[in-house]
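Asks: Please work from the sequences and hints to get the whole structure.
Single-letter residue listing:
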Amino acid sequence: MISTVQEATNLSGEYLAGGTDYMDRLRHHLVNENSIDLNGLSGLDQIETEGGKTYIGALTSMFNVAQAPHIRQNYAGLAEAAGGLATPQIRQVGTIGGNLTQATRCQYYRHPHLECTKKGDASCGGRDGYHPYGVVFDNGGCVAPHPSTLGMALYAYEAQVEINGADIRPIADIYGDGSNHHRDHLLGKNELITKIILPAPVAEKATYFRSIARARAEWALVECTARLVIDGDKIQQAFIAVGGVAAVPLRLPHVEAALVGKSATAESFADAAQLAAEGANPLPQTGYKVPLLVNTVEETLIRALG
Amino acid sequence: MKTTINQKEYEFDLQPNAAAVDVIRDQAGLTGTKFVCGAGACGACTVLVEGNPMCSCLLPASRLDGKRVTTIEGHQTAEGELHPVQKAFMAHDGLQCGYCTPGFVNAGIAFYETWTKANGNTKPSRDTIAAALAGNLCRCGAYQGIYAALQAACEGAFDNVPTSEVVSHRVEAIEKVTGRAKYTTDQVVAGMGYAKVVRSIYPFAKVKSIDFSKAEAVAGVWTTLDVLDDDERTVRFVGTPVAAVAAVDAKTAEHAASLIEIEYEVYDAVVSFKQSRAATEANAEKSFREKAKGGLPVPSKWNGNTRSYRLSLTSNKGFRAGRTMRRARASGDDFLIDKNFYAGSHAHTPLEPHGALAHWQGDKLTLYASTQRIQQLSDSAKKRYGLSDSQISIICDHVGGGFGAKGNDYPEIWIAIDLAKKSQKPIRLILDRGEVIAYSGHREETELEVGILSNQNADFKAMGMEVYNNGGHAIDGNAATIAATFYPAWPQLVNDHAVVTHQPPAKAFRGPGGINGAFALESVVDEMAYKLDIDPLELRRKWDTHPQDQQLFDYLEEVPAWQVRDRVKVDKGRYKRGVGLAMGHWVHLYMPGAEVRVTAGQDGLSVESGIQDIGQGSRTLLGTALAEAFGMSVDDPLIKIKTGRETDLASPQTGGSRVSSSVYPTAQDAARQVQAQIASALSTKQGLQNVSHGPDGVIHSGGTVSWRDAISQLDGEVQSVATRGRDAKGIGLTGMLDLDGTGLYMGLGPSTSAQITEVEVDTRLGKVRVLRTWSAVAAGRIFLEEAARSQMYGGVTMGIGYALYEDRQIDPATGHTVTLNLEDCRIPGIGDMPEMEVVFMPEGFDHVTGGGVGIGEVSMVPVAASIANAVYHATGWRPTRLPIRPSDVIEGVR
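Quick mapping for you: the protein sequence lines, in order, are chains H and P. Quick note, the working numbering runs 1 ahead of the 1-based positions in the first sequence. Quick note, the working numbering runs 473 ahead of the 1-based positions in the second sequence.
A couple of the hints might just be wrong.
[Claimed, not checked] Pairs of lysine to aspartate or glutamate residues, derived as EDC-like cross-links and limited to a Cα-Cα distance of at most 20 Å, are as follows: (1) K1158(P) / E1190(P); (2) K681(P) / E648(P); (3) K1045(P) / E1364(P); (4) K475(P) / D38(H); (5) K747(P) / E268(H); (6) K540(P) / D38(H); (7) K766(P) / D882(P); (8) K540(P) / D129(H); (9) K1045(P) / D272(H); (10) K1115(P) / D862(P); (11) K1045(P) / D46(H); (12) K481(P) / E546(P); (13) K724(P) / E268(H).
[To be verified] Label-pair distances were calculated between CB atoms; the ranges are: (14) P489(P) / S264(H): 53 to 61 Å; (15) G1104(P) / Q68(H): 51 to 59 Å; (16) L187(H) / Y858(P): 54 to 62 Å; (17) H71(H) / P1033(P): 53 to 61 Å; (18) A755(P) / E34(H): 51 to 59 Å; (19) D272(H) / T1018(P): 54 to 62 Å; (20) A723(P) / H71(H): 43 to 51 Å.
It should be emphasised that the hints constitute simulated quantities derived from the structure, not laboratory data. Remember, predicted model here, so these are calculated numbers, not experimental data. Glycine is no exception: its CB is placed at the ideal position from the N, C-alpha and C atoms.
Replies: Quick look at the structure:
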């Protein structure tokens, strides 16, 4: 049993944390069967605070992230994201580190006979095929949106990740700009996320919301985390991140800029949300996601205000 | 690794990367835990680890090290008492086929413990339950019972009820809530091996050669087989079985299968519906279309890849209808509505995968198979392998759902038997979820062109319907034919066209042709009502004057939501509510030759038939027929029910809503015949005078001997086999038609239903939520009301999935099915369930033996149409495509 991070990162193979993504891909022959079981690493399933910041061990289950009173009180947008993804049974097993590094959910990826750049094929089979769950900010390669709900929520919290117990990077660095169509994240083979670092809490109105067809337990068509720091009735700061629309999670700085200085009203939310789709170039089957993106951002802002 | 499961210590040797579910099922032998999707979407494999619900399919087995695990088998106390949640599932019928039940019960127990700890014995809301059970899926649609069960259990309703006093509505409920029920996937024969099928990866190709050498060289491989069933060595859809391998374990079989090398000559395929409809006679590939199986034996003609009947089966005054419609179109008649509809494909995806376990002992075959047709499978197997009656035994005690997907002798059954024969070892072949969804059953995709003509007096002038059915490589589709039975008195011209494509063949799926035809027809009838400014219910009253249906309207008219409905809403609010109405028809089918045996002896009464219980409650139905005749309860220890095995009795397959009407009255006939024999035997033995018999027992001049006492005095056994026979009335031309070669007859008069649905449309996010449904059904006498009600709930549930979520998709370039799992094949979850009300109208079937017919199909027929009409009422936008996805709503409602 591996007991230190150094031991784990010196091995060659594929990391196995909760296993919810690994075991599924194992059945589809999409893993390195030489798994590096991280279950023996101690201390990585804790939520701690130090110097105002919050440190979430990468092996903390989604259930525990969602339930922890400290996270619920201070980082509601993250707690709700962790509690709103997948299913209760998966949230018990899956870890926050695994959620950030999970593989795409595109059908073409898991299908044994269809092409997918994430499997190493030269082209994306979904582009001329079936892609209604695809991106609306298309950059010409893989058409699947990034699957990590928590990655998206962490963009809104300007979180950092600790790699191999030492190296600290902004969350956005592990995903890049989405131009590498062969990777779900940009971590090297010997790089392991050990902690997630959240900045000191601020008094905020925050929430997470996903648009889906059914009531629950469905991959997001579009999802959003919104945080508003409000003084009196004026928005001082806004942090908006969205998922389901691009190869990587997106921050929406132009929406945020449009909110800052405005009153927290339905009108200003609607106006700002309009900007969410700026630059969208949807695929033939994802045109509906352009208005849905705008409307989901608006909905999330309204819900954040409560 | 040491683990405590159900308070027992286990020590396991783990294979690398083993999943918890495999260790629990295969090493500990606890087969109550089911493996369904393998992706965490359905929760059938849910177990409790330290009390927390986890999906064991995604849980590495190593995570169980040192842990305390509880599976479905572990909830009984030492005294045999069940957990209150298990008792509540039994009492509230929170289950049908039972395959999802272990997962639901485990997730439900975890919820119950958390809830009652925090809230005491209080009632949780439906929404709270839905959040806790969001990780479980039920394909039969037992959600209403599950809600009721968990609410009652949390309130403490079962805390002090001994298990023996729980009243359940199906005799095998206790086996299903404890994990004891054995499905085909759970059967184990000592020394058995595992098989894997190699399928065509091309939609259209010639198999030039198959090289088994590398596969056969793998250690642990027992045998390989060429299984391509085509005289031209040609495959015509992706997924055609080409080769198979049997090996010592599943992993070896899968590995060896990947080493079988198949050389193809690949041809240009016609994969898409559009492409195939455009094909002309000149470029049609003749052998392709001629090889397509299925279709009614009616004279037909081909044009390109489209096969059309030469005469419509159900048109009424077709010539006149056609002429009237043409003239109305030419003159631009104000009261003409012409509209095109599209209904997508969805997969049956029963939670128990298709599968079989074949075991030859000399020239005797024992076959475990998940099937909807034990008797027919037995006949086919006897013919195929030259077996006598005594050389075959089929075991199919429980079927984890079928919905039509197991209504044929699917090829994998033969492959398992052939591999077992060749290897001389027992062979198990279970399909994976992708194979179930892609190759083992789906509803055809249809394009429907409907026209309807009325006038200012709201008369029904004419209807025309042309339906194009993409059944893949099969002759399939009858939506127009069924639709013509809705308003049969009026002139109408209907035609079904089968469009053949290089896609896997469609299969009959609950209400085949009924539900898509109803969607199109009932949408235009609804639209005509608005055009005529008449209440849609009043218009149907006027056009459908049959007394059987008028009683449905009488009930629906009183539905509060209908009474307060106003004109189409055009308010600017975000959430728009509306109510919609639709009718549903299904033909009334039965098997005149169906036989049932009743036997009486000192040890009790038994009733026997070769039927199978796929979750609709047929076992309980048969037992109830016997018990009722003897004035007993079906739970009485004297009553024994023998089903799920092949027999010498002609027995119906499950499908087309034929079982109840075929066996219930027959069982009662047999029971009455046996009663006469008992009375006679008793009379002889005891020298009774003036002997007759009634429901209470044997009547004689000295009093009455109860049936219980009479049976206990029998010397030896008496028995009788009754045959259903044809109904006295209604044997017309259609009645004589043996529809599918299994002795299936069509009786007089359809089963009918009507539904009102209330929806809420979130116009911002494109979401349609079904709030309430009211279903009225006319199928005559209901033999088993609780099971029938559950079946109705199931039909409505499946209809909601078809209307709003389920979308089976094929990659157009390759012909591969894209939506291969339960996260992409989005079946409804418990949170998607409306409140449902169901009423049964008993009138209309006095001419039918037994007085009632089946409801499995008709339960689902009006659902999608009533939802679409409700969406129109709410928004003023009429959906013309199914499913109605958020993308459609966002684009439709501006």
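Asks: For every hint, state whether the structure bears it out.
Replies: Here is how each hint holds up against the structure:
For the proposed pair K1158(P) and E1190(P), the alpha carbon gap of about 14 Å is at most 20 Å, so the pair holds. In summary, the hint linking K681(P) to E648(P) is not supported, as the alpha carbons are separated by about 49 Å, beyond the 20 Å threshold. Restraint check: the Cα-Cα separation between K1045(P) and E1364(P) comes to about 16 Å, which is no more than 20 Å; the hinted pair holds. At most 20 Å may separate the alpha-carbon atoms for a hinted pair to count; K475(P) and D38(H) meet this at roughly 18 Å.
Our distance criterion of 20 Å between C-alpha atoms is broken by K747(P) and E268(H), whose separation comes to about 45 Å. Between the alpha carbons of K540(P) and D38(H) the distance comes to roughly 17 Å, so the proposed pair stays at or under 20 Å and holds. Taking the CA atoms of K766(P) and D882(P), the gap is near 14 Å; set against the 20 Å cutoff, the hint holds. Under the criterion of a C-alpha separation no larger than 20 Å, the hint pairing K540(P) with D129(H) is inconsistent with the structure, at around 48 Å.
As the CA atoms of K1045(P) and D272(H) are separated by approximately 18 Å, the hinted pair is consistent with the 20 Å bound. With a CA separation close to 18 Å, the supplied pair K1115(P) and D862(P) stays within the 20 Å bound. Only pairs whose Cα atoms come within 20 Å are accepted, and K1045(P) paired with D46(H) is rejected, the gap being roughly 49 Å. As the CA atoms of K481(P) and E546(P) are separated by approximately 12 Å, the hinted pair is consistent with the 20 Å bound.
Between K724(P) and E268(H) the CA atoms are separated by roughly 59 Å; this puts the pair beyond 20 Å, and the hint is violated. About 59 Å separates the C-beta atoms of P489(P) and S264(H), a value consistent with the hinted range of 53 to 61 Å. Between G1104(P) and Q68(H) the beta carbons are some 56 Å apart, a value that agrees with the proposed interval 51 to 59 Å. In this structure the supplied range 54 to 62 Å holds for L187(H) paired with Y858(P), their Cβ-Cβ distance being about 59 Å.
For H71(H) and P1033(P), the Cβ-Cβ distance of about 48 Å falls outside the hinted range of 53 to 61 Å, so the restraint is violated. Against the hinted window of 51 to 59 Å, the Cβ-Cβ separation of A755(P) and E34(H) comes to about 52 Å, which satisfies the hint. D272(H) and T1018(P) have their C-beta atoms about 57 Å apart, which keeps the hinted 54 to 62 Å range intact. For the pair A723(P) and H71(H), the beta carbons lie near 45 Å from each other, so the given range of 43 to 51 Å is met.
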